[in-house]
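2 protein chains.
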Amino acid sequence: MAFADALAWDDKGLIPAIAQEAATGDVLMVAWMNREALLQTALRGEAVYYSRSRQRLWHKGEESGHVQQVLDIRLDCDQDVLLLQVRQWGHTPGIACHTGRHSCFYSHLQGGQWQDRPDAPVLKAPAQIYGAS
Amino acid sequence: MAFADALAWDDKGLIPAIAQEAATGDVLMVAWMNREALLQTALRGEAVYYSRSRQRLWHKGEESGHVQQVLDIRLDCDQDVLLLQVRQWGHTPGIACHTGRHSCFYSHLQGGQWQDRPDAPVLKAPAQIYGAS
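Residue numbers (the working numbering), protein chains in the order written: chain A, 8 to 140; chain B, 8 to 140.
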C-alpha cells in the first residue's frame, strides 16, 4: 500500500506508535508497528502492534479484552512516528497498561527519583485481567 | 544521576521523548534524548533534546524562540519512553513544528492517503520563524 511506503521505517522495519485517548487527550502507551501491523490497524479499525519481545503481531486486547478502537491515524512531519486517536474498550476508565493502570506513563520524576503518580492508580489487578479466562 | 540509570536507553544511548501540551493535552512532537539532554532538561526546566541529524544537544527554541517549559517528566512502564508535560512558548497558540504548525502530527490517513488535517494550519511561515534574527 502506497501510504505505508511513505513512512520512514527504522532499520528493523518498525515505527513507533503513540496511542492517545481521543476523548480525554491522555497518552496511554507507545508500542511499535511493522508494515503488516499498520495495514491491519487501518483495515480493522483496531490497534494491531508488533511485539518486539514476542516477535509477532499483537492485536491489543487479544488477552485482556482491552481493545483499542482506532478513530484516526496521524503522522508526524518526519514520517517516523504515528499517533493513534483511540477509544480504549473493556473497562471504564480505560486500561491500556499491563499493570492495570489507565496509562503506561504512571511514573514521574519527583525530587530526583521516579515515583508513581498519585493520580494514576491500578484500576484492576493484572491477575484479574489476564487470569480470568 | 541514579534516575537516568533507571532508563532503558537504546543501543545508541537514546530514548524517545513525547512533548504533550499540558493545558490542552495536544501531542506536539516526538524527539530523542541522550543522558545529557535528559539531565539538562531536568535541571533547566526546559526541553533539551539530542538532534540525531546534527549529532548534538538541541535546546528546543534556541533558533525559533519556541521554548518548551517542562512542567513534568513522565516515564512509561517499560522505562523506554518519556512523556514531557510542557508549556509551548513564543506564540499563541504554541508552535512546536518546524513547519510553523502547532503540532508535528498535522497529517492523517484519509481515504488510503496521508492528507493534511484541516484543523492543523500553518500558524507562522517558517521563513518568519527562522529568518528573523
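Calculated directly from the structure, the hints in this document are not laboratory data.
Check each hint, because a few of them may be wrong.
All copies of an identical chain are treated as equivalent in the list; a pair is satisfied when it fits inside any one copy or across any two copies.
[Claimed, not checked] Dumping the calculated DMTMM-like pairs for lysine to aspartate or glutamate here, alpha-carbon to alpha-carbon at most 20 Å: (1) Lys-131 with Asp-18; (2) Lys-19 with Asp-87; (3) Lys-131 with Asp-12; (4) Lys-131 with Glu-70; (5) Lys-131 with Asp-85; (6) Lys-131 with Glu-69; (7) Lys-19 with Asp-126; (8) Lys-131 with Asp-87; (9) Lys-19 with Asp-123; (10) Lys-131 with Asp-33; (11) Lys-19 with Glu-43; (12) Lys-131 with Glu-53.
Can you name, in rising order, the numbers of the hints this structure does not satisfy? Result: hints 1, 3, 7, 8, 9 and 12 break, sorted rising.
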